[in-house]
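Participant: One letter stands for each residue in the lines below.
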Amino acid sequence: EVQLLESGGGLVQPGGSLRLSCAASGFTFKSHTMTWVRQGPGKGLEWVSCISRSGGDTFYADSVKGRFTISRDNSQNMVTLRMNNLRADDTAVYYCAKRKVGDTWNPIDYWGQGTLVTVSS
Amino acid sequence: DIQMTQSPSTLSASVGDRVTITCRASQSIAKWLAWYQQKPGKAPRLLIYKASNLESGVPSRFSGSGSGTEFTLTISSLQPDDFATYYCQEYNGNSPRTFGQGTNLEIK
Numbered sequence: 004e005v006q007l008l009e010s011g012g013g014l015v016q017p018g019g020s021l022r023l024s025c026a027a028s029g030f031t032f033k034s035h036t037m038t039w040v041r042q043g044p045g046k047g048l049e050w051v052s053c054i055s056r057s058g059g060d061t062f063y064a065d066s067v068k069g070r071f072t073i074s075r076d077n078s079q080n081m082v083t084l085r086m087n088n089l090r091a092d093d094t095a096v097y098y099c100a101k102r103k104v105g106d107t108w109n110p111i112d113y114w115g116q117g118t119l120v121t122v123s124s
Numbered sequence: 059d060i061q062m063t064q065s066p067s068t069l070s071a072s073v074g075d076r077v078t079i080t081c082r083a084s085q086s087i088a089k090w091l092a093w094y095q096q097k098p099g100k101a102p103r104l105l106i107y108k109a110s111n112l113e114s115g116v117p118s119r120f121s122g123s124g125s126g127t128e129f130t131l132t133i134s135s136l137q138p139d140d141f142a143t144y145y146c147q148e149y150n151g152n153s154p155r156t157f158g159q160g161t162n163l164e165i166k
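Chain order of the listed sequences is P and Y.
Residues in the first sequence are numbered from 4 upward in steps of one, following this note's numbering.
Residues in the second sequence are numbered from 59 upward in steps of one, following this note's numbering.
For the record, the hints were derived by calculation from the structure and aren't laboratory data.
Predicted, not measured: the structure shown is a model, and the values here were computed from it.
Careful: at least some of the hints might be erroneous.
To be verified - Quick list of simulated restraints, FRET-style, between CB atoms:
id : chain 1 : residue 1 : chain 2 : residue 2 : range
1  : P       : T61       : Y       : S72       : 39 to 47 Å
2  : Y       : S114      : P       : L119      : 28 to 36 Å
3  : Y       : R76       : P       : G11       : 27 to 35 Å
4  : P       : A26       : Y       : S114      : 42 to 50 Å
5  : P       : R90       : Y       : G99       : 29 to 37 Å
6  : P       : K33       : Y       : A88       : 24 to 32 Å
7  : Y       : G99       : P       : S124      : 24 to 32 Å
Each residue gets a CB set at the ideal place from its N, CA and C atoms; glycine is no exception.
With the hints as constraints, model all of the structure from the sequences given.
Facilitator: The following block contains the structure:
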């Protein structure tokens, strides 16, 4: 059974930093691109970042570029999102997600349950 | 960046109804479109990928169609469990993989 377990969320002041982690199990982690998606309170889904299978390629939404860093450890089946210079509009539930494989481009097929990040003074 | 526009934003329907949700892309995305269902407090669930492929375990009353810039999600006969919010997402490339704004399907 695929499991994605996020941790690291919490309350942080504007300008602060936070590190989110996602522990993966139930699939061959190193074979899948991993993604972070967030959802602000009462809002829709926003793609945040993804990282290739090897970790050599990373991509970011313009809204987080230069502030967030995604990384992965294939030996530990873990993906991490380091968030710096946090702003109030970064307040959201952050979901870790895995992509399907098998085609030129692949959608997300599994999501974790999310971890809440609140940026407030 | 590609913009994704869903319509309607809210849809009121009854059990047994046939409903259709539309998603339009600001430029062609071929068939690189997915549909997700989300219930309150829960993570999204993949329903349809590559515009018309039904994800494993998803009931056959869900179907998707379209290509290029216009796509639809159809539920052939609404069941009580289907009342939720639905999102489309383009995945024509690695980033930014934009979502539509969502369609809230509510009980009439």
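Participant: Against the range 39 to 47 Å, how does the distance between the Cβ atoms of P/T61 and Y/S72 compare: consistent or not?
Facilitator: holds (46 Å)
Participant: Check the following: the C-beta atoms of P/K33 and Y/A88 are separated by a distance inside 24 to 32 Å.
Facilitator: holds (28 Å)
Participant: Within 29 to 37 Å or not, the Cβ separation of P/R90 and Y/G99?
Facilitator: The hint (29 to 37 Å, Cβ to Cβ) is violated, given that P/R90 and Y/G99 are roughly 25 Å apart.
Participant: Note whether the CB distance of Y/R76 and P/G11 lies within 27 to 35 Å or breaks it.
Facilitator: violated (43 Å)
Participant: Does the hinted range 28 to 36 Å hold for Y/S114 and P/L119 at CB?
Facilitator: Since the Cβ atoms of Y/S114 and P/L119 sit about 30 Å apart, the hinted range of 28 to 36 Å holds.
Participant: Tell me if the beta carbons of Y/G99 and P/S124 are separated by a distance inside 24 to 32 Å.
Facilitator: Holds, at about 27 Å.
Participant: The hint says 42 to 50 Å between P/A26 and Y/S114; measuring C-beta to C-beta, is that right?
Facilitator: Roughly 24 Å apart at Cβ, these two residues miss the hinted range, so it is violated.
Going through the hint list in order, the structure does not satisfy hints 3, 4, 5.
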